[in-house]
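Colleague: Now for the letters of each chain:
Number of protein chains: 2
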Amino acid sequence: MSASVDSPFGPGSVGLVTPQCFQYDAPFTLASGRQLPGFELVYETYGQLNADASNAVLICHALSGTHHAAGYHSADDRKPGWWDHYIGPGKPIDTNRFFVVALNNLGGCAGSTGPTSINPDTGKPWGPDFPMLRVRDWVNSQKLLATHLGIQVWAAVVGGSLGGMQAMRWALEYPDQVRHCVVIASAMKLTAQNIAFNETARHAITSDPEFHDGDYLAQQTSPKQGLATARMIGHITYLSGDGLGEKFGRELRSGSFARGQDSLVEFQVQSYLRYQGDVFSDKFDANTYLLMTRALDYFDLAREYGDDPVAAFKTAQARFLVVSFSTDWRFSPERSREIALALMNANRSVCYAEIESNFGHDAFLLPSERYETVFRNFMNTIVTEAQS
Amino acid sequence: MSASVDSPFGPGSVGLVTPQCFQYDAPFTLASGRQLPGFELVYETYGQLNADASNAVLICHALSGTHHAAGYHSADDRKPGWWDHYIGPGKPIDTNRFFVVALNNLGGCAGSTGPTSINPDTGKPWGPDFPMLRVRDWVNSQKLLATHLGIQVWAAVVGGSLGGMQAMRWALEYPDQVRHCVVIASAMKLTAQNIAFNETARHAITSDPEFHDGDYLAQQTSPKQGLATARMIGHITYLSGDGLGEKFGRELRSGSFARGQDSLVEFQVQSYLRYQGDVFSDKFDANTYLLMTRALDYFDLAREYGDDPVAAFKTAQARFLVVSFSTDWRFSPERSREIALALMNANRSVCYAEIESNFGHDAFLLPSERYETVFRNFMNTIVTEAQS
Numbered sequence: 001m002s003a004s005v006d007s008p009f010g011p012g013s014v015g016l017v018t019p020q021c022f023q024y025d026a027p028f029t030l031a032s033g034r035q036l037p038g039f040e041l042v043y044e045t046y047g048q049l050n051a052d053a054s055n056a057v058l059i060c061h062a063l064s065g066t067h068h069a070a071g072y073h074s075a076d077d078r079k080p081g082w083w084d085h086y087i088g089p090g091k092p093i094d095t096n097r098f099f100v101v102a103l104n105n106l107g108g109c110a111g112s113t114g115p116t117s118i119n120p121d122t123g124k125p126w127g128p129d130f131p132m133l134r135v136r137d138w139v140n141s142q143k144l145l146a147t148h149l150g151i152q153v154w155a156a157v158v159g160g161s162l163g164g165m166q167a168m169r170w171a172l173e174y175p176d177q178v179r180h181c182v183v184i185a186s187a188m189k190l191t192a193q194n195i196a197f198n199e200t201a202r203h204a205i206t207s208d209p210e211f212h213d214g215d216y217l218a219q220q221t222s223p224k225q226g227l228a229t230a231r232m233i234g235h236i237t238y239l240s241g242d243g244l245g246e247k248f249g250r251e252l253r254s255g256s257f258a259r260g261q262d263s264l265v266e267f268q269v270q271s272y273l274r275y276q277g278d279v280f281s282d283k284f285d286a287n288t289y290l291l292m293t294r295a296l297d298y299f300d301l302a303r304e305y306g307d308d309p310v311a312a313f314k315t316a317q318a319r320f321l322v323v324s325f326s327t328d329w330r331f332s333p334e335r336s337r338e339i340a341l342a343l344m345n346a347n348r349s350v351c352y353a354e355i356e357s358n359f360g361h362d363a364f365l366l367p368s369e370r371y372e373t374v375f376r377n378f379m380n381t382i383v384t385e386a387q388s
Numbered sequence: 001m002s003a004s005v006d007s008p009f010g011p012g013s014v015g016l017v018t019p020q021c022f023q024y025d026a027p028f029t030l031a032s033g034r035q036l037p038g039f040e041l042v043y044e045t046y047g048q049l050n051a052d053a054s055n056a057v058l059i060c061h062a063l064s065g066t067h068h069a070a071g072y073h074s075a076d077d078r079k080p081g082w083w084d085h086y087i088g089p090g091k092p093i094d095t096n097r098f099f100v101v102a103l104n105n106l107g108g109c110a111g112s113t114g115p116t117s118i119n120p121d122t123g124k125p126w127g128p129d130f131p132m133l134r135v136r137d138w139v140n141s142q143k144l145l146a147t148h149l150g151i152q153v154w155a156a157v158v159g160g161s162l163g164g165m166q167a168m169r170w171a172l173e174y175p176d177q178v179r180h181c182v183v184i185a186s187a188m189k190l191t192a193q194n195i196a197f198n199e200t201a202r203h204a205i206t207s208d209p210e211f212h213d214g215d216y217l218a219q220q221t222s223p224k225q226g227l228a229t230a231r232m233i234g235h236i237t238y239l240s241g242d243g244l245g246e247k248f249g250r251e252l253r254s255g256s257f258a259r260g261q262d263s264l265v266e267f268q269v270q271s272y273l274r275y276q277g278d279v280f281s282d283k284f285d286a287n288t289y290l291l292m293t294r295a296l297d298y299f300d301l302a303r304e305y306g307d308d309p310v311a312a313f314k315t316a317q318a319r320f321l322v323v324s325f326s327t328d329w330r331f332s333p334e335r336s337r338e339i340a341l342a343l344m345n346a347n348r349s350v351c352y353a354e355i356e357s358n359f360g361h362d363a364f365l366l367p368s369e370r371y372e373t374v375f376r377n378f379m380n381t382i383v384t385e386a387q388s
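If you read the protein sequences in the order shown, they are chains U and C.
So the first sequence is numbered by UniProt numbering: it starts at 1 and just counts up by one.
So the second sequence is numbered by UniProt numbering: it starts at 1 and just counts up by one.
Keep in mind the hints are simulated off the structure, nothing from the lab.
Careful, some of the hints might be misleading.
Remember, identical chains collapse to one label, so a pair may be satisfied in a single copy or spanning two.
[Unchecked claim] No farther apart than 20 angstroms at their CA atoms in a straight line, the calculated lysine to aspartate or glutamate pairs in the DMTMM-like style are these:
#1 124 with 251
#2 189 with 242
#3 79 with 304
#4 189 with 246
#5 124 with 215
#6 247 with 300
#7 143 with 129
#8 224 with 213
#9 224 with 210
#10 143 with 40
#11 124 with 304
#12 283 with 251
#13 79 with 308
#14 283 with 300
#15 189 with 77
#16 124 with 213
#17 224 with 307
#18 143 with 282
#19 124 with 354
#20 189 with 372
#21 314 with 176
#22 314 with 282
#23 143 with 356
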C-alpha cells in the first residue's frame, strides 16, 4: 500500500505516493466473450482503510486518465495527480476520513495490462489484438482489485465523464457493494455528435500511415500525427467556446496583418493546440485511445434493461450525486438531468447540481468553489462504520 | 454568357447552365503585397442583365463552394447547383427579375486560378507557392469580373458564412457599388473555437505524409486521408448536435452489442462521416482548403477601422439583411446580432432575422419556409431601374 506522508507539499496534499501493482493470475472473461489469461492493474491509494473496511472510495478515470489521481511521485514533481483539487486531507474526498483507491484501467497505457503489454501467447505486445473492452469489464476488474484490498463494499464509487459511466455501472452490477455513487459530467449514453467526434479522432489515428493497422510497435513507430489531431479535437470540444475565447481570444503569436506581409500569421490558440497535441502523442498509446473511445461510444446504461433507464436504476441501492457544468457541450447538463430524472422515477436517492462554469467538460477537473462545496457536502453525508 | 433555357427541370429551375471564364491579363496586386501575373475566374450567370445593368446580384460562396450555384450542367445531372433552393424563377433570388452572377473564387479548385493552376513563371502547378489571400482579394477580383460584365453597381451582394464576409467587405470597400447586402450565418470575425477547429483540420492535412509540404501534385499524390479528417470535422461542426441525433441517433450499421461478439460495432453516423470525408477528399484540393480556412481565420471586418465595427459600417451605404440560424454553433446567432447591432449603431438600414432550425450552420443551404420568406421579402424590396 502506498503511504501518505507529511510532506513539503502543503496541508491539503496527500504528499508523496508510490504506485502499486495488483496482479490477477486467473483467466478473466470479458463482456465480448474473449478471455485474458490474467492482468495487472497499477493503482495508488490515499488515506487509511479503517478496521471494518467501510471507508473505501473508488476513483474511476476518464479517457486519458491514470492511477495518479492525487499527490506527487517525487519531491521535485511539478504537477500533482489529475484530481488533486478534490482528493486530499480536508478536500471533498477527504483522505483524513476516506481510503481512496485510484487505478489505471485495463486496456490503459500507464502501467496496467493493455495493448502495449506483452501477450503471453506470442511474447509480443498485444497491439491491435488486445480485446475490445466494455465499461463492465472495467467494473469487473475493479471488483477483483477491491477484493484484493479487502474491500467488500465501497463507501463511494466516483467518476467524471467515462468515469461516471463506470460509477453508474458499478451501482447496477454490484448494487449491495456501492453505498454512494458520484456521477460527474457524464451520460447514460453518448449522443450521435459525440460518437461522430470520437470517430473523426479515430479516423485521424487509423489513417496515419505510421499506424500500420495497429501494429506500429512492431515497426518501432507510432501514429503520432494522427494521435495529435485526435487530441486537438478533444481539446477543443472539452472546452467551451467562451472558455477558449477568454483564454486566447484572437491574439497573435507572431506576425501581423499588415499589408505587404505574406507569412503565416498564427493565433495563440493554434500553437497551444499544436503543443497539446504533440505532448499527448508522445506519451499516449494509440490503440488505448481507440479502445477507450470505443468503450465510450458503446456504453448504453439501459441496453440490458429494455432500454428503460428507470428499470435500470431500480436495480441500484446507492445514494447518488449527479453533477453537470453549464457550458459542457460534450456531456451537457441535459444528459445529467436525464440521469437524475431516471433516478427519481426509480425512487432512488439523488442530489443533482448544475454548476455554472466557463470551462466546458474540463470543468470536472478544475477548481470551482460551488462544485467543491456540493461535492464536499455530499461526501460529508457518508457515514463510515468506524465513526458511527 | 450562359443561357437559362426552358428545361425539363421544372418551373423553379434556371435549367441548363454553362460555366464561362473571365480572363484577366494584367498584374493583380494582393492584400499581402504579392502580385499575380493575371488570373482566370470561372463563373455562371442566371437571368438577364437589364438595360441599365441595375439588376445584378453577386453570389459569394463559402469554404467549399463553387460557381455552380443553381441549375444543371447536363440533362442527366442528378444534383443542381449548391444554392438552387434559393436561386431561380420565382425563388427568393428571382431570376425573372435579377441577373445573378456566381463565381469560383480566386484560389479555388473548381476552375478559377488557384494552387492547382500552372504558375506561368515555372510552368508547374502553383501548389504551396500560391499566394495567401484575404477576403478583400476576392472582393477586388469580383470587382474586375463585374466590370467585365458591364456591372457598375450590384443590386445586391449575397453570401453565407465566408460568403457573408465577402458581402460585408464589398459594402465597405465599394460602398457606392453595393445597394443591398445579404449576410447569412456569418460573423465579423471568427471565435477562438472556430479558429481552433480550422487549425485542427489544417493539422490533419499538413501532417499527412502525402502532403509533401504542399507539393503533392508534383509527387502525383494527394493528402486524401488528412483532407477526409478535415471534412469530417467540418461536417460535425456544421450540423447541430440535435440535427445529428435526429438524423442518425445511435443506430447501428452492422454488428450488435450481443455478448460474445468482439467485432467492431459501427454506428450509422460513423460510416456516413467516413463516406463524406472520402467523397470530399477525392474532389477538393488540399492547398485550396488551407488557403480558404486561413482567409476565414484572418478576416476581421473592423481591423482597419480601429477595431470599431460601428466605424466600419458607417462607411457602408447598402441596406442590409442579416440572417442567422438558432442551432448554428460555428456562426452563432450571437455573431449575427453583433453585426446587426453595429449596423444599427452606425445608423444603417438593417433587417435581422433569426431562423429556428435544427440543421446548424448547414441551414443556410437548406430549404426552410421562414428563411425563404424572409429572404424573398427582402429581395422583393429591391427596385431595379428598369422597373421603376
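Colleague: With reference to the structure, classify each hint as holding or not holding.
Modeller: These are the hints, each one checked on the structure:
In the homo-oligomer, the alpha carbons of residue 124 and residue 251 never lie at most 20 angstroms apart, since the shortest distance is 48 angstroms inside one protomer and 36 angstroms across protomers. In this assembly of identical chains, residue 189 and residue 242 lie within 20 angstroms of each other by CA distance solely across copies; the values are 14 angstroms between and 26 angstroms within a copy. Within a single copy, residue 79 and residue 304 get their C-alpha atoms no closer than 41 angstroms, and across copies no closer than 43 angstroms, so neither meets the 20 angstroms cut-off. When the C-alpha separation of residue 189 and residue 246 is checked against a cutoff of 20 angstroms, the pair qualifies only between copies, where the shortest distance is 15 angstroms, while the shortest distance within a copy is 30 angstroms.
For a Cα distance limit of 20 angstroms, the shortest separation of residue 124 from residue 215 inside one copy, 11 angstroms, qualifies, whereas the shortest one across copies, 39 angstroms, does not. When the C-alpha separation of residue 247 and residue 300 is checked against a cutoff of 20 angstroms, the pair qualifies only between copies, where the shortest distance is 19 angstroms, while the shortest distance within a copy is 34 angstroms. Within a single copy, residue 143 and residue 129 get their C-alpha atoms no closer than 24 angstroms, and across copies no closer than 60 angstroms, so neither meets the 20 angstroms cut-off. For the homomeric pair residue 224 and residue 213, the shortest alpha-carbon distances inside one copy (14 angstroms) and between copies (17 angstroms) are both at most 20 angstroms.
With identical chains, the CA atoms of residue 224 and residue 210 are at most 20 angstroms apart both within one copy (8 angstroms) and between copies (15 angstroms). Within a single copy, residue 143 and residue 40 get their C-alpha atoms as close as 13 angstroms, which meets the 20 angstroms cut-off; across copies the closest is 69 angstroms, which misses it. For a Cα distance limit of 20 angstroms, the shortest separation of residue 124 from residue 304 qualifies neither inside one copy, at 36 angstroms, nor across copies, at 61 angstroms. For the homomeric pair residue 283 and residue 251, neither the shortest alpha-carbon distance inside one copy (29 angstroms) nor that between copies (34 angstroms) is at most 20 angstroms.
In this assembly of identical chains, residue 79 and residue 308 lie within 20 angstroms of each other by CA distance neither inside one copy nor across copies; the values are 42 angstroms within and 42 angstroms between. In this assembly of identical chains, the alpha carbons of residue 283 and residue 300 never lie at most 20 angstroms apart, being 30 angstroms within a copy and 38 angstroms across copies at closest. Taking CA atoms no more than 20 angstroms apart as the test, residue 189 paired with residue 77 passes in neither setting, with 37 angstroms inside one copy and 41 angstroms between copies. When the C-alpha separation of residue 124 and residue 213 is checked against a cutoff of 20 angstroms, the pair qualifies only within one copy, where the shortest distance is 16 angstroms, while the shortest distance between copies is 36 angstroms.
Taking the shortest Cα distances, residue 224 and residue 307 never come within 20 angstroms of each other, neither inside one copy (39 angstroms) nor across copies (40 angstroms). In this assembly of identical chains, the alpha carbons of residue 143 and residue 282 never lie at most 20 angstroms apart, being 31 angstroms within a copy and 49 angstroms across copies at closest. Neither within a single protomer nor between protomers do residue 124 and residue 354 lie at most 20 angstroms apart by alpha-carbon distance, with minima of 47 angstroms and 59 angstroms respectively. Proximity of residue 189 to residue 372 under the C-alpha cut-off of 20 angstroms is found in neither arrangement, the shortest distances being 26 angstroms within a copy and 37 angstroms between copies.
Taking CA atoms no more than 20 angstroms apart as the test, residue 314 paired with residue 176 passes inside one copy only; the shortest distance there is 13 angstroms, against 70 angstroms between copies. With identical chains, the CA atoms of residue 314 and residue 282 are never at most 20 angstroms apart, being 44 angstroms at best within one copy and 51 angstroms at best between copies. Within a single copy, residue 143 and residue 356 get their C-alpha atoms no closer than 34 angstroms, and across copies no closer than 49 angstroms, so neither meets the 20 angstroms cut-off.
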